[in-house]
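Undergrad: Join the two chains, each given in its own frame, into one complex according to the hints.
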Amino acid sequence: MNCISAKNLSKSYGSVRAVNEINLTVKPGQVFGFLGPNGAGKSTAIKLLTTLIPPSNGSLSILGVDAIKSPLDVRHKIGVVLQQPSYEPTLSVEKSLEKYGMMWDVPKDERTKRMEQLIQDFDLSEIRKKRNEDLSIGQRRRVQVAREFMHDMDLLFLDEPTVGLDPSARRKLLDYLKNKVSAGLTIFYTTHVLTEAEYLCDEIAIIDRGKILTVDSPDSLKGKYGKEKTIKIHITTKEDKISQVLSGIKDCKIDFNGGTNITIHSHESELVLLQVLKALNENEIEIEDLSAVPTNLEEIFLKMVEDNASNH
Amino acid sequence: MHPIIRLVNRNLTISLNPGFLIWQIIFPLIYIFVAGFAYTSLIKEVPFGDKDLAYPAFLASGMIGFNIMNSTLVSGIIIWNDRRHGMFEQIMSGPFTRAHYVFSNIVTIGIVGLISATLIAFVGYPVFFESVEFSLFTIPMIVFAAITGSILFGSIASIISTRIRSSEGFNVIINTAFLFFAFVSTAFYPAEGAPEPLASVFYVNPLTYLVDVVRAGIFGNITDFVIVEMGVLAVLASVLFIVATKLLTRLDF
Numbered sequence: 002m003n004c005i006s007a008k009n010l011s012k013s014y015g016s017v018r019a020v021n022e023i024n025l026t027v028k029p030g031q032v033f034g035f036l037g038p039n040g041a042g043k044s045t046a047i048k049l050l051t052t053l054i055p056p057s058n059g060s061l062s063i064l065g066v067d068a069i070k071s072p073l074d075v076r077h078k079i080g081v082v083l084q085q086p087s088y089e090p091t092l093s094v095e096k097s098l099e100k101y102g103m104m105w106d107v108p109k110d111e112r113t114k115r116m117e118q119l120i121q122d123f124d125l126s127e128i129r130k131k132r133n134e135d136l137s138i139g140q141r142r143r144v145q146v147a148r149e150f151m152h153d154m155d156l157l158f159l160d161e162p163t164v165g166l167d168p169s170a171r172r173k174l175l176d177y178l179k180n181k182v183s184a185g186l187t188i189f190y191t192t193h194v195l196t197e198a199e200y201l202c203d204e205i206a207i208i209d210r211g212k213i214l215t216v217d218s219p220d221s222l223k224g225k226y227g228k229e230k231t232i233k234i235h236i237t238t239k240e241d242k243i244s245q246v247l248s249g250i251k252d253c254k255i256d257f258n259g260g261t262n263i264t265i266h267s268h269e270s271e272l273v274l275l276q277v278l279k280a281l282n283e284n285e286i287e288i289e290d291l292s293a294v295p296t297n298l299e300e301i302f303l304k305m306v307e308d309n310a311s312n313h
Numbered sequence: 014m015h016p017i018i019r020l021v022n023r024n025l026t027i028s029l030n031p032g033f034l035i036w037q038i039i040f041p042l043i044y045i046f047v048a049g050f051a052y053t054s055l056i057k058e059v060p061f062g063d064k065d066l067a068y069p070a071f072l073a074s075g076m077i078g079f080n081i082m083n084s085t086l087v088s089g090i091i092i093w094n095d096r097r098h099g100m101f102e103q104i105m106s107g108p109f110t111r112a113h114y115v116f117s118n119i120v121t122i123g124i125v126g127l128i129s130a131t132l133i134a135f136v137g138y139p140v141f142f143e144s145v146e147f148s149l150f151t152i153p154m155i156v157f158a159a160i161t162g163s164i165l166f167g168s169i170a171s172i173i174s175t176r177i178r179s180s181e182g183f184n185v186i187i188n189t190a191f192l193f194f195a196f197v198s199t200a201f202y203p204a205e206g207a208p209e210p211l212a213s214v215f216y217v218n219p220l221t222y223l224v225d226v227v228r229a230g231i232f233g234n235i236t237d238f239v240i241v242e243m244g245v246l247a248v249l250a251s252v253l254f255i256v257a258t259k260l261l262t263r264l265d266f
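As given, the protein sequences belong to chains L and X, one line each in that order.
Here the first sequence is numbered in my numbering, starting from 2 and rising by one per residue.
Here the second sequence is numbered in my numbering, starting from 14 and rising by one per residue.
In isolation and in its complexed conformation, chain X is listed as follows (with noise of 0.2 Å):
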């Protein structure tokens, strides 16, 4: 077996364990289906291209790109964790090379956030499955994002991983970043009606271009602008990813 493909066994079986499944699906769920029908009452629909979306529609469709940022994020901290427990010396005096074991983690993460989008579009899908207009394009448009969007988060939390040496720093940094992502998005509320410069800000949000590719991929509605953030979001998560090998190989022991 190759030492990439061994490599990401480990780490699908440290981080797919029962809890963090579970915490994946349930922790989505109470957004959509609390936040979402409990909004209900407040924001009756969402305009979206040449459709009106139920809230819950939009948000579950926002839950999924929410989903691969919050998953991803948590495999990125594989690198940490290896770090404190040892794991990550212990490794590199094994049968690997660091190319093995940033290639590795970069599968890790995008068989994460695959799968993650995965349960969330099966959980989500009553909700907005009115809506839903799949075509040949859309379906590997979702994919692209979820894919794109893994490595993107990954990377982010890979970097984090590789400066930051405090548990402490670590916590308040995920934690930050985690709030930045997921509230200063349109996962939650469309960027439209936003008040400036809110609106705005929300494009400086990684997350936000990975939701409407997503949202765009589901219900159909492929514009221009559609384009240019898929565009967007394959520059950033290439360039991050590159900092994040980097940073990685030249992680001191």
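The shape of chain L in the complex, shown without the other chains (with noise of 0.2 Å):
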């Protein structure tokens, strides 16, 4: 059975359309990453996918309950860390995960056992009597998402929950959420840090403009849409011949900021790569380096959504 199933599934307000006949399909044990830029309709597709919104159009199934129909069905087996802080100012740090646990309906001692062993995972024993109202923005996120683990669920949607995370902290939740999807859970993430989706997830989708542009491995999207490589050559000296020399070859780009930079990116970058030596070496031109770029997620995710944009 799948954890998410969504089919032909659409949002409008009005004339536009937010989400635009998305299909999805997210295996238990997985960590699903959804990427976008602003406005792409991330929010809108983590509200439809959590009840929070019926949808215009589609069906939507969520670990094998109809979210249409029985979308309190659904509630009782996911959490939920929205993007936006959600708080209860005048409550201690403590108070607020053990309220949250009550609200739950999870047993007392269940609830304490929680919130002493949440505490100590999220580095939360100095700020553990403070009220939210009194907390940064990274440390009252830390108590957001802390505060959805006081309970069980199957199913964690989490709409960017680094925002505001020093990179210590960032690093010590990823870690924790890959022991928590060891142990079973499914985790739908959402972020704007693509290094994050690198490390964290198994799967990733692209939404832009309402509409999913592709859904892959991370690797996968990397073999597909990572073939154009970029190369980078660094003369120390000011070479203002270098434009004349390399007049002839495509796809390489020359700066001369801190020297000379020659940026080759290309499909056939290892070709390019030998015509520029080749001229280089014609001109006694010295290199003083010359390095790969590996493809990354983020480069892949650029050209993604400015092809999109183009289409457009």
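These are calculated hints, taken from the structure and not from any lab test.
The structure displayed is predicted, hence computed values, not measured ones.
Please note that the accuracy of each hint is not assured.
Claimed, not checked - According to the in silico footprint, chain L covers these stretches of chain X (three or more CB under 8 Å from chain L):
1. 20-29
2. 99-107
Stated by the list, open to error - Pair ranges (Cβ atoms, derived):
3. L/S93 / X/F150: 44 to 50 Å
4. L/G65 / X/A112: 21 to 27 Å
5. X/R178 / L/T215: 35 to 41 Å
6. X/F147 / L/D122: 55 to 61 Å
7. L/S221 / X/A190: 58 to 64 Å
8. X/F147 / L/D155: 54 to 60 Å
We put the beta carbon where it would ideally sit given N, CA and C, even for glycine.
TA: In structure tokens:
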């Protein structure tokens, strides 16, 4: 059974289609990344998947339950950390964890046990007595994510959970999530930080203008869309004649920031590199440094979104 | 535990913090013991049915209705705070329906109203105990007034919470509503003897009906007019409750 199965799911606000016939399948025990630029429809899609809003069209099954007919049954089985902060300003950190567990009907003894564990796991000991309104943005975010683990769930939606976290807290959270996934939890994860998606996600969907552009594993995406490799050559001195030397060679750019930099970005970058090296050698120009930039998700993401924008 | 009880538990934890409870007692106490006794030199006695009430006793009984209004307006703000601090969406993405949320707020407001009424009745009792005439009919009448009044003012706060988006707008409207409800009513002075059209405007204010019913219950002065006021209170509370519920169930994310 799939954790999420969405077919032709759409949401319209008047004449605007925020989500346009998306199809998604999320298998159990994986982290499914959901990436897209601002205004792409990510948050609307999350609100649809978490049953906060009903779809205009399409079908949606969450953990085997028809989410359109039985949204409450779905909400009993999922956890949600939304993008916007959510907190009770006057409650202390420990009280808000405890009350959240109570709201989910977790027995008192279990609540206390989980609260103590989460305070430890999320480094909340120093702020456990502080009121939520007195916390920094990052601390509040940590409490908000920790709070969701007060109850049991099969599927967790995390909408940009690392916003406001410092690098150390971010890495700790990602590792915590990885552990939870290896214990059987499924996570639907949106982020703008593509290195996070690369680190955490088993599968990734890229959404833009309400439509899903692609769904695949990070490695397959790199294989499919990362054929254009980037090679950088640095020359210490400023070589004014370089433009003339490389004028016949396509797909290479030159800039003079801190010497001379040549950037090759091509489907056939190795071939272009040979042409560049030959031209430099013939003109007795010495190379200081040469490096290949590994294809990363960010480049693929930017390329897909740019291509999609130019198609519109 | 039923979802509504769990939400009420959560709402009460937020509403009934020590600061709120102290404020709920201190604020009316200042009115009763400072204004009440300070004005005694000006207002010796207030005619009320077949009794002449000392002004502090008149004011203390008015403060029960005033406190119900004050506390339930504050409790109604739970919805505003939930929306402002993201808890509305968070709760709605959990194991609750909108109906659970709406009813839990109404129950919370009712409980807070009753607690406020009880607190001020205890505190004010020494001031009005000489004239008190409780009976089997008057005590349920006071409880009725406390519950309908709580629902009425809680619904007003809920309606404002659902309609206003900015903090500034919300504060301006709540404060204006508070001033009108508090001071254009019979909580502080009797309608009889007030100049027209002020005396008539008192009866545009639901707090007047609440205060009149509570006062009639405390001093055992049940007249036909008070029965009509109870009816008005019930109808107003029902209408506002329905409007608030409809607006809450349509609230966008």
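Undergrad: Are the hints correct? Go through all of them and say.
TA: Quick rundown of the hints versus the structure:
no. : hint                        : result
1   : 20-29                       : holds (count 5)
2   : 99-107                      : holds (count 8)
3   : L/S93 / X/F150: 44 to 50 Å  : holds (46 Å)
4   : L/G65 / X/A112: 21 to 27 Å  : holds (25 Å)
5   : X/R178 / L/T215: 35 to 41 Å : holds (37 Å)
6   : X/F147 / L/D122: 55 to 61 Å : holds (56 Å)
7   : L/S221 / X/A190: 58 to 64 Å : holds (60 Å)
8   : X/F147 / L/D155: 54 to 60 Å : holds (56 Å)
Violated hints for the displayed structure: none, as all numbered hints are satisfied.
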